[in-house]
Amino acid sequence: MQVEVTVNGQAKSADVEPRTLLVHFLRDELGLTGTNVGCDTSSCGACTVHIGGESVKSCTVLAVQARGEDITTIEGMASDGVLHPMQQAFMECHGLQCGYCTPGMVMAATSLLSENPSPTEADVREGLEGNLCRCTGYHNIVKAVLQASGGQS
Amino acid sequence: MIPAAFDYVEVDSAEAAIAALGQHGDEAKLMAGGHSLLPLMKFRLASPSVVIDIGRIADLSYINDAGDHVAIGALTKHRAVETNELLKSQVPMLAHVASQVGDPSVRHRGTIGGSIAHGDPASDLPAALLALGGSVVAKGPNGDRVIPAADLFTGFLETAVASDEMLTEIRVPKAAGAGWSYQKFNRRAQDWASVGVAAVRNNGASGVALVNMGPTPVVATAVQDALASGADVEAAAALAADGMSPPDDLNGDPAYRAHLAQVLVKRALTEAAA
Ligand SMILES: Cc1cc2nc3c(=O)[nH]c(=O)nc-3n(C[C@H](O)[C@H](O)[C@H](O)COP(=O)(O)OP(=O)(O)OC[C@H]3O[C@@H](n4cnc5c(N)ncnc54)[C@H](O)[C@@H]3O)c2cc1C
Ligand code: FES
Ligand code: FES
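The listed protein sequences derive, respectively, from chains A and B.
Residues 13 to 165 in my numbering are what the first sequence spells out, letter by letter.
Residues 45 to 318 in my numbering are what the second sequence spells out, letter by letter.
Note that these hints are calculated values from the structure, not bench results.
Predicted model only: the values in this text are computed from it and were never measured.
Note that the Cβ used here is the ideal one computed from N, Cα and C, for glycine as well.
Each hint should be verified, as a subset may be incorrect.
As the list claims (entries may be wrong) - Stretch by stretch, here's where chain A covers chain B in the computed footprint (C-beta under 8 Å, at least three residues):
| # | stretch |
| --- | --- |
| 1 | 90-104 |
| 2 | 109-120 |
| 3 | 140-150 |
Stated by the list, open to error - 25 Å max Cα-Cα, derived SDA-like pairs, lysine to any residue:
| # | chain 1 | residue 1 | chain 2 | residue 2 |
| --- | --- | --- | --- | --- |
| 4 | A | Lys-24 | B | Glu-54 |
| 5 | B | Lys-86 | A | Glu-66 |
| 6 | B | Lys-132 | A | Glu-127 |
| 7 | B | Lys-86 | A | Pro-30 |
| 8 | B | Lys-132 | A | Thr-132 |
| 9 | B | Lys-132 | A | Asn-128 |
| 10 | A | Lys-24 | B | Lys-132 |
| 11 | B | Lys-86 | A | Met-13 |
| 12 | B | Lys-86 | A | Gly-43 |
| 13 | A | Lys-24 | B | Ala-49 |
| 14 | B | Lys-86 | A | Val-49 |
Whenever a hint applies, use it, and build me the whole structure from the sequences.
Structure (structure tokens):
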């Protein structure tokens, strides 16, 4: 089945089986391997991307369900070689260790800020409850999100 | 993990969904947000040969003032329920309970209709609907019928919505001044409830429903009856596990859950009365 989507501002299309998960569509069909698969069971958030600006777990969405949608992946965050403020904040606050959860964290965190531009620390912790960091670097992740929001860090 | 192969049918109206159900019969499954169905399909615990995608039926995503109740389209996402001003003022418990489902990414995709139709005993919204005394509208080949929440949950992952019907609307009575409480006990932030309690107290009437205390979302009848005949919170809460058959899993055995239900019902009734 033909799936036509906009990914990081570019029109993309591929012919896939209806059972193809969005994360596999992005990684295997479009070669966008920044989006990781962690748990594959909707729990860890490593696969988080945006559909229409909202965070979703792309291991729990079919590619066909995203037809016609505007998708953003981690590859679409930096522009012209300049990191997105959230990426910059993760770098400055040491919000990543092995980096496996990071693409999902950045996507979930930017979705969070678009809904709540001035979150408290508690808001950030709750807002990221669907994203697990196996290196358990939560403290600096929260710091990074607060810094990106312009709040205290 | 990849689901078994299926044919994909996208529909743009409830009528088209029902026609597709009629055409494909028991082999077909409706998919709304897919956040209960897809995980089951990935584990191959469900392998429908036809998936009917109702997720984009735009006119079934709404939250409307309908006089004595609020009418919510079945395809309304948890996130919309959580943030809706009408619900926050008229049925604040429902908005709050929606905010307790999974995590933000789950709430961006999952729908209230999917939650109710799935009828998972561990899920949050069905218990809220039971405690609030709500109802649902099921559309079938012969038109619409209204099913009270109390008659909806008939068995493990089974509801009174027939296999040729689709749930189109959820109705919740306005309860602006009512006391309410939702107690969700889980061990990790985004987890399902080990046990949960939804309680509403309104002019002497009480609605109390339990999460994960049996094969279905369930009304705590013994608690409600005790309150109706004048029992105090302590005495009523002691009856929380009466008639229940809580599950045995990694989050707790039945005796632990029975105890938890009593503690949480007491907390819920106390908070709802305050
Ligand atoms: C990681 C994760 C955590 C979660 N945590 C929680 C939680 O804490 N609490 C909680 O309550 N839920 C939780 N959920 C489930 C979530 O709430 C789902 O959104 C919900 O259970 C199903 O909604 P859906 O729209 O995704 O339904 P789908 O998965 O699309 O459908 C579920 C079932 O209902 C049927 N169905 C769907 N819509 C209709 C309709 N309109 N008419 C008739 N049948 C229909 C489908 O055929 C299917 O059998 C979680 C899910 C995930 C992935
Ligand atoms: S890989 Fe999708 S949530 Fe873990
Ligand atoms: S940085 Fe290693 S999993 Fe989060």
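Pairwise hint evaluation, A:Pro-30 against B:Lys-86, where the allowed Cα distance is 25 Å at most: holds, 13 Å
Outcome, coverage hint (the stretch 109-120 of chain B, chain A; C-beta under 8 Å; three residues): violated (count 0)
25 Å Cα cutoff - pair A:Lys-24, B:Ala-49: Within the cut-off at roughly 23 Å; holds.
Coverage of the stretch 140-150 of chain B by chain A, judged on three or more residues with CB within 8 Å: holds (count 5)
Pairwise hint evaluation, B:Lys-132 against A:Lys-24, where the allowed Cα distance is 25 Å at most: Status violated; Cα separation ~40 Å.
Pairwise hint evaluation, A:Glu-66 against B:Lys-86, where the allowed Cα distance is 25 Å at most: holds, 23 Å
Restraint status (C-alpha distance of B:Lys-86 to A:Val-49 at most 25 Å): holds, 14 Å
Verdict on chain A covering the stretch 90-104 of chain B, criterion of 3 CB contacts below 8 Å: holds (count 3)
B:Lys-132 paired with A:Asn-128 [C-alpha distance capped at 25 Å]: The given pair, whose Cα atoms are some 17 Å apart, holds under the 25 Å limit.
Given pair status - A:Thr-132, B:Lys-132, alpha carbons within 25 Å: holds, 21 Å
Pair hint outcome, B:Lys-86 versus A:Met-13 [Cα-Cα no greater than 25 Å]: Between B:Lys-86 and A:Met-13 the Cα gap is close to 19 Å, so the pair holds against 25 Å.
Pair hint outcome, B:Lys-86 versus A:Gly-43 [Cα-Cα no greater than 25 Å]: It holds: about 22 Å lies between the C-alpha atoms, which stays within 25 Å.
Comparing the model with each earlier hint shows violations of hints 2 and 10; every other hint is respected.
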